[in-house]
Amino acid sequence: MYKIDTQVIAKKIKQIIDKISCEVEPSCALALKNAYEIEQNTTAKFALKVMNDNIEIAIAEHRPVCQDTGMAVIFLEIGKEVILTGKLLQDAIDDAVEEAYVTLRKSVLDPVTRINTKTNTPSVVHTSFVEGRDVKVQVMLKGFGSENMSKVYLLNPAQGLEEAKRLIVETAKVAGSNPCPPVILGVGLGGTLEKAALMSKHALFRKIGSANPIHRLDELEKELLGKINELGIGAQGFGGKTSALGVFIESYPTHISSLPVAINVLCHCSRSGEFVIEGAKEGSYVGD
Amino acid sequence: MSVIKLSLPLTKEAMKDLNVGDMVRLDGDMLVFRDAGHKRLYQSILDGKQAFDFVGETIYFMGPCPARNGEVLGSAGPTTSCRMDKYTPYMLDHGLAAQIGKGKRDDASIEAFKRNGCVYFAAIGGAGAIYSKCIQKAEVLYFNDLGTEAVRRITVKDFPVVVAIDSKGNSIY
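Heads up: the sequence lines are chains A and B, in that order. According to the numbering used here, the stretch in the first sequence is residues 5 to 292, in order. According to the numbering used here, the stretch in the second sequence is residues 4 to 176, in order.
Only chain B is shown next, with the shape it has when bound in the complex (with noise of 0.2 Å):
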């Protein structure tokens, strides 16, 4: 299995050589956040006070399990994508780079990854406990209030994923 290594942010050319299927390894920083982070941050933005740039980001959806055992952040597999789909199009067409998530996505969604030369990689749901030793730092950045659901930014190393949905609107699902 060849297994190509990215560093982030990613660049739009770095992701028009990305084709469904490829299996990546991922190091740098991305941005983590999940249901309840996407709800408030988009009504900040109906709301015209913005919380938070997202602009050349890649965001993960997830919510931890608190550290243990001097771990930086607990368990950290990714969350079901499909959830966020009524925020992506907004998202992508205003800057965000690519997402990480787990599942299939809806059209408008896959579209807003073509229009905008952007990726969805599918991290492998369930693999808690891999993502965890995958992090070497991580901090809230808003929504401390939210728990496990607060927006983080964590630096990420050989972080495993597959393209699911790459610049050209093809689908792994």
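Extracted from the complex, chain A is given alone in its bound form (with noise of 0.2 Å):
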């Protein structure tokens, strides 16, 4: 067993905050760039011209790449033979995420009082147990202007994976120029409510042109894409060809009498990064 202080991988997400704030995740910068070059839309060319400065400036000085600096969301797959030491999980990450915030802004609020933590804490922590001595953390600061168009529904199975298509295109269609398009889906397919809601926001972790392992995914997640190209929302929803930059599913088996479909929108501004911590080079070890 290898003994790992919460400080470190705390430390850790202070750092990756400062960075992806001002840096858009690198696939999704590069997605954006083809998209201003086969835009013909004028007024959409003009928006891809100001979000892609606006990346390379954000970059260059070390700025916010947009004013949302979302809620911070943070996955972790932690090793079985891991033992977590020092604080707890929680309030060390929260911590980090104060920390971190002090030049960003704090957009958290108790949702009955609508007062303002000032801290931009709590953040949402995810966790899982897998094979192994490491710590693989995720983060991603998630901006609600695309939270707030996201959805989820439970199918009957007599609606079956038609409607779930259906319905992922026209959540993007709604969506329209809410969330700072193109956007990029997380789907959730399968499981329970929640497992369906969690597995939406873990896709939003592949990068723009990966390939689903899965193959009847991958085509699924490329059906899906040329779809919602085709709405012809565009940049900003000023029209044009790219409406979205990526459809990203994970799945789940479900109940005999559900299908449920969650849809997880992100914003052009990806801001998400990873890290490991391994167990026998920052963890001490503390035998078996």
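These aren't lab readings, by the way, just hints derived from the structure by calculation. A few of these clues could be false.
[Stated by the list, open to error] Simulated crosslink set (PhoX-like; lysine-lysine; CA at most 25 Å straight-line):
id, chain 1, residue 1, chain 2, residue 2
1, B, K89, A, K177
2, A, K23, A, K211
3, B, K8, A, K53
4, B, K136, A, K23
5, A, K53, B, K136
Fit the two chains together into the complex; they arrive one by one in their own frames, and the hints show the way.
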């Protein structure tokens, strides 16, 4: 077993938030450059030019790329040979988030009183347990212009995959100009209500252009991306060729009575990153 | 791409000449506030004690990041406008000149822009760093306790927007 102090994880989370708040995820930034090159709609091309210039300025001058620096969403895959020591994981992460957000926008508040916590905490932390002695950490700063456009449906089996596909395209259509398109869609198919939602969020960590290792899902992703781009929403909803940069699907077995579908919408400013804490290097061996 | 230069405050005359899809760069002063600021202003009006005046103003729906590296204001891109639709017809009917935000508006708002000969501009969502650089002056005027959602006045230069709803009621979306 390897002991890893939660402070070690927290310190790296702070560093990565500093970085990704100012840097659009590279595969997304590249896809936006390509979108600019192929765009023929004048207004959409103007928007893409401003968006691409903004991404470059944000990196060069280390300014937040978007003022909505989001809620911090963190997924941790914890190796089963790891013992976490020190502060409670959520508390250690929230300390790091609070520190990182001193120069970022504090957008988190109590849902009933609407009083701001002034620290951008709490963050949203998801943990799972895997083989090994390492901890993999994925961090996303999720803006809510896009989060607000997200949906969960619990379809019945008679409606089936065809209805799920229709609703995924419909979600992009209804969202239209609101979530700062071109968008990225994360889709959770199957499981339960919360499992579908969780998968739809996790799917958003995929790199633009990456293939789904499950062939059937890969085909489905390509079909849906094609259909969404045919909607003609375009950059900022001004029309044009590129309405979405990617559709990423995760699936899980579900109940005979249902087909849960969650669609999580992400804006063109994808801000995410990941790192691995190696137990053998950054932890201490404490025997089996 | 031809870009129109306009100075704030906007006159009805100037707005009459703008058409959907026009690319514009704005100079001058605007008010900045979003959800919580609108809610509180609207409540103050309902209570018969209007918190502040907005006649002739242009409102930018935005909540900034804190300033850093010698900035006047931190990142400062638009937020989604449809959440302010509830207040828009009243404000346009009572002298507001224009709004700046992002995304489509409801029918009642579009009708109010048309009825009053006003304009809705779309700023480029997500372009927070660029808009920050356009801001030359910023001060909190009201509702300081709302933090990023406080009411501010900012002075901008070369602020890029697109006419999304024109005074004839045409919408780009």
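Kindly indicate which numbered hints from before are broken by the structure, ordering the numbers from low to high. Going through the list in order, the structure violates no hint and respects every one.
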